Amino acid sequence: MRQYIIRRILISLIVLLGVSIMLYTLIRLMPSDYVDMSTSSSINMTDEMRENIRALYGLDKGIVEGYIDWLGGIFRGDLGMSLMFRRPVVEVIGQYAPVTFTVAFIALVFQVLIAIPLGILAAKKQYSMTDYTIVTLVFIGISLPIFFFAAILKRIFGFYGLNLLPISGMLTARVNYDGFTFAKFLDYAKHLILPITCFVITGCGGLLRYTRTNMLEVLNADYIRTARAKGVPERTVIYSHAFRNTLIPIITIVGSTLPSLFSGAAITEGLFALEGLGNIALRASYMADVPYLMGFNMFIAVLTVAGFLISDILYAAADPRVRLS
Amino acid sequence: MNKMTKLLALVMVLCMATVAMLAGCSSPAPEATTAPEDAATAAPEDAATAAPEDTSAPVEQPDDKTLVIGVEANFEEKWNPFYAESAYDQQVIEQIFVAPQRVNADNVLVDWAGNISYVENEDGTVLYTVKINEGMTFSDGEPITIDDLLFYYKVVSDPSYTGPITFIANDIAGLKEYYYDDPNYSTKVAEIDAEVAEKYSPDTISKEDFIAYLIDTNLAGWWDGNPAGEVDEDYTWSDYITDEGFGDQLAAIDATDPAAMLALLAEVEYTNYADSYDPATYYKSQLEQAYIQENLEGTEHVEEISGIQRVDDYTCTILFNSINIYGDREVNGYLVPEHYYGKDFTKGDVSSIAANMEPMGSGPYMWGGYADNIATCTANVNYFEGVPKIGTVKWQYIPTSDTIAALASGEVDIAVPNGTKDNVQALEDNGLIYHLTDNAGYGYMGLQANNLELSVRKGLLSLMNRESSVRGYYGDLAQVIERPMTTVLSEYPDDAAVYYEYDPEKALEYFQAAGYEQNAEGKLVNADGEQLVVNVYIGGEGSGNHPAYAMLTQAANDMATLGGELQIQDVAFNVLQSAMNDGTADMFILAWGNTTTCDKSSIYMTGGGQNRTNVSDAALDELLAKIPVTIDFDERCELVSQMLDKVMDLAVELPLYQRKNIIAYNETNLVMDTIPEASTFWDYTDVLWQVEMK
Amino acid sequence: MEEKNTVNTQHQAAIDELEKNQVILTPGQLVMRRFFRNKLAVIGVCILVFMILFCFIGPLFYPYSETELFYINEETGEQIRMYETEKLKTAILYTRAPMSAEHWLGTDDMGYDVLARLMYGGQISLMVGFVVVIVEMLIGVTLGGVAGYYGGKIDMIIMRLVEIFVSIPFIPLMLIISSLLISMKISPSVKIYYTMFIMGVIYWAGVARMIRGNILSLREMEYMQAAEAAGIRTSRKIFRHLVPNVMPLIIVMATMDLGGVILMESTMSYLGIGVSAPFASWGNMVSAVTNDAIMRNFLNIWVPPGLCILLTVLAFNFVGDGLRDAFDPRMKR
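Residue numbers (the numbering used here), protein chains in the order written: chain E, -18 to 306; chain D, 13 to 706; chain A, -12 to 320.
Keep in mind that a hint or two might mislead.
[What the hints assert, rightly or not] Pairwise CB distance ranges (calculated):
1. D:PHE645 with E:ILE2: 41 to 49 Å
2. A:LEU205 with D:ALA367: 15 to 23 Å
3. E:TYR220 with A:VAL36: 38 to 46 Å
4. E:ILE(-10) with D:ASP255: 29 to 37 Å
5. D:GLY534 with A:MET234: 49 to 57 Å
6. D:SER502 with A:PHE48: 52 to 60 Å
7. D:GLY534 with A:ILE44: 25 to 33 Å
8. D:MET369 with E:ILE2: 27 to 35 Å
9. E:PRO98 with D:ALA367: 50 to 58 Å
10. E:GLU72 with D:GLY595: 35 to 43 Å
11. A:SER222 with E:ASN201: 29 to 37 Å
12. E:TYR220 with A:CYS33: 45 to 53 Å
[As the list claims (entries may be wrong)] With a straight-line cut-off of 35 Å between C-alpha atoms, the simulated DSBU-like cross-links for lysine-lysine are:
13. D:LYS211 with D:LYS200
14. E:LYS106 with A:LYS26
15. E:LYS42 with D:LYS433
16. D:LYS706 with E:LYS165
17. D:LYS77 with D:LYS535
18. E:LYS42 with A:LYS224
19. E:LYS211 with A:LYS26
20. D:LYS518 with A:LYS224
21. D:LYS535 with A:LYS74
22. E:LYS171 with D:LYS433
23. E:LYS105 with A:LYS26
24. D:LYS672 with A:LYS74
25. A:LYS172 with D:LYS211
26. A:LYS172 with D:LYS535
27. A:LYS172 with D:LYS658
28. D:LYS359 with D:LYS188
29. D:LYS518 with A:LYS76
30. D:LYS433 with A:LYS76
31. D:LYS672 with A:LYS76
32. E:LYS171 with D:LYS706
33. E:LYS42 with D:LYS200
34. A:LYS74 with D:LYS518
35. A:LYS74 with D:LYS658
[What the hints assert, rightly or not] To be clear about the criterion: a stretch of chain A counts as covered by chain E if any three or more of its residues have a C-beta under 8 Å from a C-beta of chain E, and this derived list gives those stretches:
36. 25 to 34
37. 146 to 155
38. 158 to 169
39. 254 to 260
40. 269 to 275
Honestly, the hints are just simulated from the structure, not real lab data. Predicted, not measured: the structure shown is a model, and the values here were computed from it. By construction, the Cβ of each residue, glycine as well, lies at the ideal position given by its N, Cα and C atoms.
Throw the hints in and build the complete structure from the sequences for me.
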């Protein structure tokens, strides 16, 4: 087992190496150039001055040389300086990850709370009016782009509609808070309602479909028939026998969405003016901020690969046959 | 309109550092005010008369109210006077720092925290004297001396400085010596130039060096590293090599090996297209970098800029080798506390300064911090003009689509919505007050002179129906202009007439003059049978959201009728930028923001730093060189007018529009009497310390 | 006693049904029958047929093209079409025209006819869906199948490749690729096909993972082991036994991904990297919803494309779900 884990970790490192090479090449092949962008309206800038700045940023190096430098930095634990922010990449990610993570995590909790019970109900009453209604309503959420919902929600709850909720930002600027008070917490909460709703609407569909399908499969399994045949009450059949058996695949699915908690929804964050990782990654792509893009994308890649690694190891622990191959 | 934000945010990046810093901050010192008698000057009088009566109070204190200003694009969070680049970061920085002078509503420099004067010497040099007021302090209580300004000069002249301020471009005595860290820099740079001229100029460069350059720079960025990739639609690198007559060599190498392909392509380019590459600049930059590095590592250093002399605690002089009509703006730097920023500064290493993101200066407001998309500043009671009225000012990022809702709901007090018909309508619907100001910039279409010959350019310009397109988009908030220059500059020739009328028939004549004829199938082809195909890049973010978009669609249609093809590439700003720089774009639609100068030499001069169209014309160069050294206004206007006519005649730029900006206010919380009528160069930000809230 | 009876009756009913099915219906007919029992799936099919007719047949009966601009003379109110060049100097763009006999759904922000763009845009959106799904399925099924069938080193390599592809965030990647495409001087009308192909190439990883998992579990089935033991030829094993068993999964995944890809196209168009103007897609048309003034006052510009996307994606999802339920006998209740 130990040998398997070590081998598997080594392989994951190779995968990450592959990802980083692919990413670095693509990012550097991008035709835009940070120095060109940031000096684009600088009337007095000469080509020579630009070349000098490029050299100071290390952007004058070729792709191979640049990548080796970047990799060298990684081994020293240095992800480099973001060109756009002029601050270490690690610091920038550290500053914005909490926002992205909080929003995504709360949204995930709500998705689970909504999608799983509804999925079970729909499966229980397959092909009934209840089933059709639930499926249709939840599927509408995955049938329109997220910016569409954001615009509609803003219209309904914002200034031009019911005027109940703030439509952008994270805090009421007018108020000065001393430290993190309960009032400040409420202010944050009020601002986050609409973005979180957006995530929940667009995220429920997949989970509900998965729950419903799995539940249907289990409900038709022999042991459930047996249980029913033995006269176990329907409630117990569904919640204690059937649901328990659908739980594991559902947990796997929920678990695999963990990296996306950090990758953030670039568009939603932008529309609601949240300072999160996704929004910044989008800006960094427009500005060709090579160190930040590398740092951020690799951060996500590490999380994803770690997810694969853990699930593979767990499988191996459960099923000895896997280890042998 | 929100698509425009990203574009605007990028276009509006400030780089004319001096102009930027001058445009900001508070009211001019009373004795120096030359601004017209408007609300701005009326307000201080009220304040002045109110103050003496209030002598019982020992020190006036700011109130505890909070002003919220909406900002329409994300901050870049470069809270540093040397590095702030985006207009939005600058907006905050401008409240924290002051400079000796600043521009008034007429775009004329007037005294502020000091004074700048100059004398022309007989030998053609110009000596500027900068004085700063005595008795001023930074917000931490430390006194301000001329050393703080000298410190600013040193930082922006440092060889390791990478910020947006182009101080080093000035012709100041000893500046280059300081930058290159070598008193004999001119001989060494001359040596480098000579070496470049001798070894790397187009006529003399050896094949090895040329090929080495092509390989090192990936054919100046053209080569994508993919041997199987395509140069053009359905046209692979291999096809290209074969067509260029290198089929035999191609057969001899492994066409899937990137290195071998690159080497062969370098050979091809060297043989057939050496003219379109510029190895000289590349080698020059390489040599210079090595040279500076060597000097910095050496023992001998140039510690001072010889042309900049400290006279006393409050005065210094700066010697320019030649006349520059904007010299005063160039030397007008921020007063930056040396004791705060300069602790770990040594020549050749500004990293400690660049890393400092907690700005501290002597402006009306002090840095409070940045979190949750909100930048906070508090009043600086030590501000030299007086105590600011409002205790706290916050700048909050509001997405453009929500700006007016945020204003109307009272979330923010002042904001700058995009200048569109929709926004004006929405402001009026919500009963909000707004001021319209002319934007200090203009929109244009550039034509790449290297790709299109003169008659073709003229033909293309005759296909552009600007009026319907611009008015359809902006309504009354923009006007079509006839010369490529912002109308806010007093040098703009107001009587300029249309140069190229929209006339498809005339366009055909121009194309025919360039050797294109309609063939039997109705295609417009030249003698080699090649169809006239032109591309144009526009930043409509993929949805055609741009004032010039309809103009291009119409032109593409007319062009198709004539038998040619106009390909419209609707792309993001960064893509447009690179297509323009590497010559992929035949035409491109762009805008200049914050170009408050009539010196357009970097744009049109042969080899100019911002010469995006690669225009090169001896007569034009001569006119351009004369403008910045012509001090007489009328004479300068005449030269500018001639220069612009020449540019039009060369058909490298088509002026499109002069648009307006909006500044909108919600008067619920504001004392509107304390806010001046906004103009291009003067608005509430200049007197923010006097603005009051209800 | 009574309880036992009920069970017996139930059991008997099941056997009856089973026999009935065995006698009368082929597996295909069974699937069809189960599919048409699902009303949502049937509605989905109807919507899709309607959309395809609307987008591909509709333009034949409509006078305007998607890239035709409309102008209006402000003084006379006379509408001018783009080929009347001599009248254009005094005209301005006829933007945001209300619904009228000339323009059934009005004109949009750029002065294009909304209905015309809705039809042509639908063609593009549907095409994007089909091309991407075909590409991702071709690559994903092949590689996933190979990995699952052969296992060992090949499986190892392919699965690591899958991990590499899954690890790279999609939107930043597409931003980079889109700017690369433009820098290669690819004309906008062709660019979308390249984009589709690349999207398919990126999306294959998810498909490959599903197929591999499915094949792995099939390999463990008794009949496959029997086939193994009997020494049946590899090709026969694959085409007679594996492919028919994986087919339902492929069809279901493809149907659902069709909807997903149409949505992804609209997200990309919103970011300016999808189908770019002057060509229409439902995605870039519906982006107008984020413009506040249009959102509030010009429903005719953003509601129709929004409705089209909603109905189409919903329909693909219904059909996909219906097919899955229909293919999987275990789903029958």
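Status of the hints after comparison with the structure:
1. D:PHE645 with E:ILE2: 41 to 49 Å: For ILE2 (chain E) against PHE645 (chain D), whose Cβ atoms are near 60 Å apart, the range 41 to 49 Å is violated.
2. A:LEU205 with D:ALA367: 15 to 23 Å: Taking Cβ atoms as reference, LEU205 (chain A) and ALA367 (chain D) lie about 59 Å apart, which means the hint is violated.
3. E:TYR220 with A:VAL36: 38 to 46 Å: Check passed, 41 Å falls within 38 to 46 Å.
4. E:ILE(-10) with D:ASP255: 29 to 37 Å: 51 Å, violated
5. D:GLY534 with A:MET234: 49 to 57 Å: 51 Å, holds
6. D:SER502 with A:PHE48: 52 to 60 Å: 59 Å, holds
7. D:GLY534 with A:ILE44: 25 to 33 Å: At roughly 30 Å between Cβ atoms, ILE44 (chain A) and GLY534 (chain D) fall inside 25 to 33 Å, so the hint holds.
8. D:MET369 with E:ILE2: 27 to 35 Å: With Cβ atoms ~33 Å apart, the hint holds.
9. E:PRO98 with D:ALA367: 50 to 58 Å: 52 Å, holds
10. E:GLU72 with D:GLY595: 35 to 43 Å: Cβ of GLU72 (chain E) to Cβ of GLY595 (chain D): about 38 Å, so the range 35 to 43 Å holds.
11. A:SER222 with E:ASN201: 29 to 37 Å: Hint holds: Cβ distance 34 Å, inside 29 to 37 Å.
12. E:TYR220 with A:CYS33: 45 to 53 Å: 37 Å, violated
13. D:LYS211 with D:LYS200: Holds, at about 16 Å.
14. E:LYS106 with A:LYS26: 14 Å, holds
15. E:LYS42 with D:LYS433: Violated, at roughly 47 Å.
16. D:LYS706 with E:LYS165: 25 Å, holds
17. D:LYS77 with D:LYS535: Measuring from Cα to Cα gives roughly 69 Å; hence the hint is violated.
18. E:LYS42 with A:LYS224: Distance of about 53 Å is beyond 35 Å: violated.
19. E:LYS211 with A:LYS26: 33 Å, holds
20. D:LYS518 with A:LYS224: 72 Å, violated
21. D:LYS535 with A:LYS74: Holds - the C-alpha atoms of LYS74 (chain A) and LYS535 (chain D) are around 25 Å apart, at most 35 Å.
22. E:LYS171 with D:LYS433: Holds - the C-alpha atoms of LYS433 (chain D) and LYS171 (chain E) are around 32 Å apart, at most 35 Å.
23. E:LYS105 with A:LYS26: It holds: about 17 Å lies between the C-alpha atoms, which stays within 35 Å.
24. D:LYS672 with A:LYS74: Cα-Cα ~28 Å, so holds.
25. A:LYS172 with D:LYS211: With Cα atoms ~34 Å apart, LYS172 (chain A) and LYS211 (chain D) stay inside 35 Å; holds.
26. A:LYS172 with D:LYS535: Answer holds: LYS172 (chain A) to LYS535 (chain D) is near 22 Å, not above 35 Å.
27. A:LYS172 with D:LYS658: 31 Å, holds
28. D:LYS359 with D:LYS188: 14 Å, holds
29. D:LYS518 with A:LYS76: 15 Å, holds
30. D:LYS433 with A:LYS76: Answer holds: LYS433 (chain D) to LYS76 (chain A) is near 21 Å, not above 35 Å.
31. D:LYS672 with A:LYS76: 23 Å, holds
32. E:LYS171 with D:LYS706: 27 Å, holds
33. E:LYS42 with D:LYS200: 25 Å, holds
34. A:LYS74 with D:LYS518: 16 Å, holds
35. A:LYS74 with D:LYS658: The given pair, whose Cα atoms are some 30 Å apart, holds under the 35 Å limit.
36. 25 to 34: Check passed, 3 qualifying residues.
37. 146 to 155: Coverage by chain E holds for the segment 146 to 155 of chain A (6 residues, Cβ < 8 Å).
38. 158 to 169: holds (count 9)
39. 254 to 260: holds (count 3)
40. 269 to 275: The restraint on the segment 269 to 275 of chain A holds, since 3 of its residues have a Cβ under 8 Å from chain E and three suffice.
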